[in-house]
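Just so you know, the sequences run in chain order A and B. Start counting the first sequence at 20; every next residue gets the next number (my numbering). Start counting the second sequence at 5; every next residue gets the next number (my numbering).
Honestly, the hints are just simulated from the structure, not real lab data. Don't take each hint at face value.
[Stated by the list, open to error] DSSO-like mimics (lysine-lysine), calculated; alpha carbons at most 27 Å apart, straight line: (1) Lys-262/B / Lys-79/A; (2) Lys-197/A / Lys-134/B; (3) Lys-192/B / Lys-205/B; (4) Lys-153/B / Lys-214/B; (5) Lys-214/A / Lys-197/A; (6) Lys-262/B / Lys-167/B; (7) Lys-79/A / Lys-167/B; (8) Lys-214/A / Lys-262/B; (9) Lys-243/B / Lys-134/B.
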Amino acid sequence: MKVAEPLIKPVITAGTVQQKVNASLARRHRKERVFKSFGLAAVLASLALVLILFINIFSKGLPAFWQSAITLDIYFDPQVVNISEKPVQAANESDNAFRQRDIEWQTEVGFINFNRLITDSLEKVLPDARQHRRDLQRIVTSGERFALRDMVVQDPGIIGQTRTLHLLTDANIDVWLKGNIDRSLPDAMQQLSPKMREWVQQLSEQGLIQNRFSFALFMNADSRSSLASAGLAGAFMGSLYMMLVVIVLAVPMGVAAAIYLEEFAPKNRFTDFVEVNINNLAAVPSIVFGLLGASVFIGWFNLPMSAPIVGGLVLSLMTLPTVIIATRSTLKAIPPSIRQAALGLGASKMQAIFHHVLPLAIPGILTGAILGVAQALGEAAPLLLIGMKSFVASVPGSPFDQSTALPVQIFLWQGNELRNFFEARTSAAIIVLLALMISLNALAIWLRKKYEKRW
Amino acid sequence: MTLNNLTKLVLASAVALSFSTVAQTSGRDTIQVAGSSTVLPFSSVAAEEFGNNFAQFKTPVVGSGGSSGGLRQFCQGVGTSTIDIANSSRPIRPAEVEACKANGVNQIVEVKIGYDGIVFASRIDAGDFKLEPKHVFLAQAAQVPQNGKMVANPYTRWSQIDKSLPDQAILLAIPGSNHGTREVYEEKVVVPGCQSFAEVKALSKDDAGKFCLAMRTDGRVVEIAGDYTETLARLQAQKDAVGVFGLSFYEANRDRIKVATVSGVVPTLDSIIAGEYPVSRPLFFYVKGEHIGVVPGLQQFAEYFVSDAASGFGSPLEAAGLIPLADGERAEILKNIRAKKTL
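Generate coordinates for the entire structure from the input sequences, incorporating the hints supplied.
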């Protein structure tokens, strides 16, 4: 380039600047457009991926919230349900003796063949039922006989009466009616026998078999002997207990640690070291916490395997750094003038923090805690290592009872051998988990918006 | 201030929880089972039925982890933090009994629950397979005998192994070594197939054993560590794949996969009971004798599992795909449980 001579200043008129700017303008605008379109493309691509995921899950999972049920008039035939009187605790009877009698009575009820009630009722609507006893047994899912038993146990007065009940059909009937199996396949590849398919056709034309909202999905624990009645209640309660443990342990501990580190701790090498390690802890893969839980909580402290208490402890460890980091950044964001004003008016440091700083920080702390809990709720990997991927057929009554968790239940159903039925069921479980996560996140956002203060 | 009350409440509940933690550590009233994923569905059904039929006991909890994984947990020792029952799709090995004894587990009660077939299956839109043990060996071996010499496995398509097999690429999905199914697969298919060659018979016993089980490493044999669903997913992704499944898994997914005959026999319940289908095996569970009488219901659960009501013909377990024991066997096994006959 030519160097301008020192004494003769280059003549820059408005016109030449204009020209230069005009010349570069197109190029600069193009660059901006390219960058903007890349950005937009990235946003659209990620949105499209999320959309595909959601469409996939919802199209598979939503139909599983309804499942086929058969409407039957069940006559609690006294000839079949032939049991002694339900025991009532006498005034002078000890609790233990009564429990013993009650269990004996329940065992007696357990020997009753409640399937008879179902097949008797089916015989009334299916004229040719008697010739195909084996097929007849398979129409209603096997777990419903326990539902009938429970009705009798609760109220023995029902014996001799007729009740109209909606009973869940076998999982394969649901699969057939929803078209989740190719109906044109030859008999040898079908799950339902030709006779059953004929019956199902007839019963659904009569309106006896209908798609009804699946309360089983929410009210029942997992099941393998009666696949149609497998539900999420056990896993939900397991997750709930774990979240309680996390809220009770990780949140107060994390908040206390953060307040100490942020407000009280001297700035020295030791606190720097602690800070670095908390950040490291936040980056530890969750499965490592599972290994730790298995060896420490189960191995050393002899806590029960597959119990929500252990899961909760492991998830607490995992959530702790999240809570500490969130709380510290909230405390940092509170202007020092608040503290100074309080101190200037004679408050002690403790009073300044607990009376003035902390109340202002609560929304931020809550947001951090909720996000931490939501993260813990969706975590499956550490739970697999502490025995929570076991099959548990009952709803846990306390954090010490064996249980699964929602994300693990998804994993378990994904592995169930009746793919035609459980592919939809798995997606339904995913929808439930997603709904919980989204509502927790929404709660966090709402809290932040409502109590947020700008300085 | 409300904050103080809140803090107090939270702290109080934290303390209460930690106390209850300490208080709860002793004793367990739920039977804990783990092990083979082949036995898992049967064990789960039995557990559920047991829980529903015995009001006084809790429903046992059933975990997976493979036969070896389950037996390893089983042999970790005696006490409430160890499992009570290990499911296994193969008999316990002497080394595992040793490991158990070293950790104080001396009373191992073996319970046979029934039989299961192992099937080779492919996608319904893939070719029909009529397999012989020899074919499977040739498909998976690292080296194969040819004209008196051992050469690196040259086969890439099934039709190269035998004209009768479909013209599709070799891709075999077999269970990982944590599964008991793997051992049966090797013992009943690979080794017999391998031993049919004169060249192998000429080898010493150790050399032949090593030679037969050496697998090719060019990616045509995939070991599946997870459940059969994972094998099924592999088949769904790759049309040519042939997978190893349990008969009951195949029965539940007949619309997606079709079975191969082995030595000309179609795997069915009947052909397995009759002993015609070569790849079948007994299924077991092992009860920790030390826990009988400590964990409530353990003995009753073991007895219930092998009772005719739970696992005989027309029972829930048969419906789930288990091949029932013969009546004589059943009586013998029940007697062993009652007498706590240990290994």
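Evaluated hints:
1. The suggested pairing of Lys-262/B with Lys-79/A holds, with an alpha-carbon distance near 25 Å, which does not exceed 27 Å.
2. Restraint check for Lys-197/A and Lys-134/B: not satisfied, since their Cα atoms lie roughly 34 Å apart, outside the 27 Å limit.
3. Only pairs whose Cα atoms come within 27 Å are accepted, and Lys-192/B paired with Lys-205/B is accepted, the gap being roughly 17 Å.
4. At roughly 16 Å between alpha-carbon atoms, Lys-153/B and Lys-214/B fall within 27 Å of each other, so this suggested pair holds.
5. Restraint check for Lys-214/A and Lys-197/A: the C-alpha separation of about 18 Å stays at or below 27 Å, so the hint holds.
6. Restraint check: the Cα-Cα separation between Lys-262/B and Lys-167/B comes to about 20 Å, which is no more than 27 Å; the hinted pair holds.
7. With a CA separation close to 42 Å, the supplied pair Lys-79/A and Lys-167/B exceeds the 27 Å bound.
8. Under the criterion of a C-alpha separation no larger than 27 Å, the hint pairing Lys-214/A with Lys-262/B is consistent with the structure, at around 23 Å.
9. A hinted pair counts as satisfied when its Cα atoms are at most 27 Å apart, and Lys-243/B with Lys-134/B qualifies at roughly 17 Å.
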